[in-house]
Amino acid sequence: MKDLLEKHRPVFERHEVLVQAGADAVGLVNDRVLSPTRAIIGGREVILAGTNNYMGITFDPDCIEAGKRALEEYGTGTTGSRIANGTYAMHRELEQALARVLNRKHCIVFSTGYQANLGMISGLAGPEDTIFIDADSHASIYDGCKLSGAQVIRFRHNDPDNLARKLSRHDPGKGGRLVILEGIYSMLGDRAPLAEFIAVKREYGFQLLLDEAHSFGVLGEHGRGLAEEAGVESEVDFVVGTFSKSIGAIGGFGAGDHPLFEALRWAAKPYMFTASPSPASIATSLCAVHKIENEPWRRKQLMENSRRLHEGFKKLGLKLGCEEVSPVIAVQCPDEPSTLAMWNALLKAGVYVNIALPPGTPGGVHLLRCSVSAAHTEEDIDRIIALFAQVVAAQPGMVAEA
Amino acid sequence: MTTRDEIIARLTELLAPFNKEGVPLTPQTDIAAELNIDSAGVMDFIMEVEDTFDIDIPLNVLSETRTIEDLARVVEERLA
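The listed protein sequences derive, respectively, from chains A and B. First residue of the first sequence? That's 0 in numbering that gives the first Met the number 0, and the numbers climb one at a time after it. First residue of the second sequence? That's 0 in numbering that gives the first Met the number 0, and the numbers climb one at a time after it.
Worth double-checking, as some hints may not be accurate.
Straight-line distance between alpha carbons at most 27 Å, and here's what the computed BS3-like set of lysine-lysine pairs gives [stated by the list, open to error]:
#	chain 1	residue 1	chain 2	residue 2
1	A	Lys268	A	Lys145
2	A	Lys313	A	Lys347
3	A	Lys104	A	Lys6
4	A	Lys268	A	Lys290
5	B	Lys19	A	Lys6
6	A	Lys268	B	Lys19
Just some of the chain A residues that point at chain B, by a computed CB distance under 7 Å [to be verified]:
#	residue
7	Leu146
8	Val151
9	His156
10	Pro159
11	Lys165
Computed beta-carbon distance windows for the label pairs [stated by the list, open to error]:
#	chain 1	residue 1	chain 2	residue 2	range
12	B	Gly21	A	Asp334	15 to 21 Å
13	B	Ala31	A	Glu92	32 to 38 Å
14	A	Ile39	B	Glu47	43 to 49 Å
15	B	Asp53	A	Asp334	31 to 37 Å
16	A	Glu44	B	Asp53	33 to 39 Å
17	B	Asp37	A	Glu44	34 to 40 Å
18	A	Thr78	B	Asp50	34 to 40 Å
19	A	Glu64	B	Asp37	42 to 48 Å
20	B	Asp53	A	Glu92	40 to 46 Å
21	A	Thr78	B	Leu78	51 to 57 Å
22	A	Arg13	B	Asp53	36 to 42 Å
23	A	Lys173	B	Leu78	21 to 27 Å
24	B	Asp50	A	Gly42	51 to 57 Å
25	B	Glu47	A	Gly174	45 to 51 Å
Because the hints were derived from the structure by calculation, they are not lab data. We treat Cβ as the ideally placed atom computed from N, Cα and C, and that holds for glycine.
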């Protein structure tokens, strides 16, 4: 009989190569985290430019105080599911606050962002239904689709015509149709052309779920995400988001206006069969939601920082993930060895970015993925650009040219 | 009406750009395992097949579709 772990030997050996190259990006340890933008890694202080900490809220004194108070008053964990002993008044309070901020009638909080997609997708779609997903969808969307048992059809990334073509030859039979899009795609930083997809929705009919994981707090006048920025919120049936980015905690949410929305609490196993988010996480999230609502300067600062980094990289002649400015700015490298070498050199020079390799990237590209924070100063952004310039000059040919 | 052999011939052509190691292709070639294409690459190849034949192939059927011949059978069913 075959050993069960034998199938993972290739990925195990691929990781060994990274370790030997001294570029074990997936095994990286933060010895200490000093602020939203600084950590001690390998004994040295580095600028963090790959944390998705968009609002820079993780060390906010009010959020920390709220978390401390919740720990003291409600304990370390809920030890139970939302449908058993795990719903506290603060879980409800957070759901109400999010519903208000999102301008939606209903909101359900999940224990992680990954589970929010698993729960919402498997709660919405069943074996008789068909889900149409963008080719660049996050792993949690693919896994949510699998869990739902629905037929899953993949359309070309950000291509409304391709979706329309697939819808035009699709017979929904007895089932419904769910289309899933993302506000900002996490690898390249590009937005979905939402208005064009809405035109396809009007023509063919489907229910639309928009994952605003990277755009909640970031886009739109009130930070409600891409749907707000594009002015099409009433056409988006369901919104999913996470607390692990703009909110600076852990958890996720699903929201919508559907009169049967609350039924998802009894239809979504990733909601029912896991412990509810811890009191401290809920309390800091609630505080952060208020800040997103009342501190628009964070959003403004984030976009200014993003523009500055985007322009700086363009001036260096780097090939970026997309032309639009967003807080996700990906630098393309020609292959895996060059990506590892550049990542390693950047870390040694004092800046941490994410490494993103196939099959986790669209079209098999190799990326040094940066994410910008509102907590970065102008000097931080200039330093990141200067360190990229220095490392690129030292190792020519290691990044793709624009 | 497209015959099974015609479908196999067309699939073999479409697969060529994904066959980076130049493995000789036969109807029995296991697309992912023998050509060393990762999961995302297989899905991208399937999108090419969908556009070429103007059909949809749900991701659900891919777990039981290993060889070029298996895929030809799926295409044939969807064309019918």
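Against the structure, the hints come out as follows:
For the hint linking Lys268/A to Lys145/A, the alpha-carbon distance of about 13 Å falls within 27 Å, and the restraint holds. The hinted pair formed by Lys313/A and Lys347/A meets the criterion: a straight-line CA distance of about 23 Å does not exceed 27 Å. Under the criterion of a C-alpha separation no larger than 27 Å, the hint pairing Lys104/A with Lys6/A is inconsistent with the structure, at around 47 Å. This hinted pair does not check out: Lys268/A and Lys290/A have alpha carbons roughly 31 Å apart, beyond 27 Å.
Between the alpha carbons of Lys19/B and Lys6/A the distance comes to roughly 22 Å, so the proposed pair stays at or under 27 Å and holds. With a C-alpha separation of about 41 Å, the suggested pair Lys268/A and Lys19/B falls outside the 27 Å cut-off, and the hint is violated. The interface hint given for Leu146/A is violated, since its Cβ lies 12 Å from the closest Cβ of chain B, which is over the 7 Å cut-off. Because the smallest distance between the Cβ of Val151/A and any Cβ of chain B comes to about 4 Å, under 7 Å, the interface hint for this residue holds.
Taking 7 Å as the C-beta contact cut-off toward chain B, the hint placing His156/A at the interface is violated, the least distance being around 10 Å. At its closest, the beta carbon of Pro159/A sits 15 Å from a beta carbon of chain B; the interface hint therefore is violated under the 7 Å criterion. A least Cβ separation of about 6 Å between Lys165/A and chain B falls short of the 7 Å threshold, and the interface hint therefore holds. A C-beta distance of roughly 18 Å is found between Gly21/B and Asp334/A, which places it inside the suggested range of 15 to 21 Å.
Distance hint check: the CB atoms of Ala31/B and Glu92/A are about 48 Å apart, inconsistent with the given range 32 to 38 Å. In this structure, Ile39/A and Glu47/B meet the distance hint of 43 to 49 Å, their C-beta atoms being roughly 47 Å apart. For the pair Asp53/B and Asp334/A, the supplied restraint of 31 to 37 Å holds, since their beta-carbon distance comes to about 35 Å. Between Glu44/A and Asp53/B the Cβ separation comes to about 57 Å, which falls outside the hinted range of 33 to 39 Å.
Between Asp37/B and Glu44/A the beta carbon distance is about 36 Å. The supplied range of 34 to 40 Å therefore holds. For the pair Thr78/A and Asp50/B, the beta carbons lie near 51 Å from each other, so the given range of 34 to 40 Å is not met. The supplied range of 42 to 48 Å is met by Glu64/A and Asp37/B, whose beta-carbon atoms lie about 46 Å from each other. About 52 Å separates the C-beta atoms of Asp53/B and Glu92/A, a value inconsistent with the hinted range of 40 to 46 Å.
For the hinted restraint 51 to 57 Å between Thr78/A and Leu78/B, the CB-CB distance of approximately 55 Å keeps it satisfied. Checking the proposed 36 to 42 Å range against Arg13/A and Asp53/B shows it holds: the Cβ atoms sit about 37 Å from each other. Take Lys173/A and Leu78/B: their Cβ atoms lie about 23 Å apart, and the range 21 to 27 Å holds. Judged by the Cβ atoms, the range 51 to 57 Å given for Asp50/B and Gly42/A holds: they are separated by roughly 52 Å.
At about 27 Å, the CB distance of Glu47/B to Gly174/A disagrees with the hint of 45 to 51 Å.
Comparing the model with each earlier hint shows violations of hints 3, 4, 6, 7, 9, 10, 13, 16, 18, 20 and 25; every other hint is respected.
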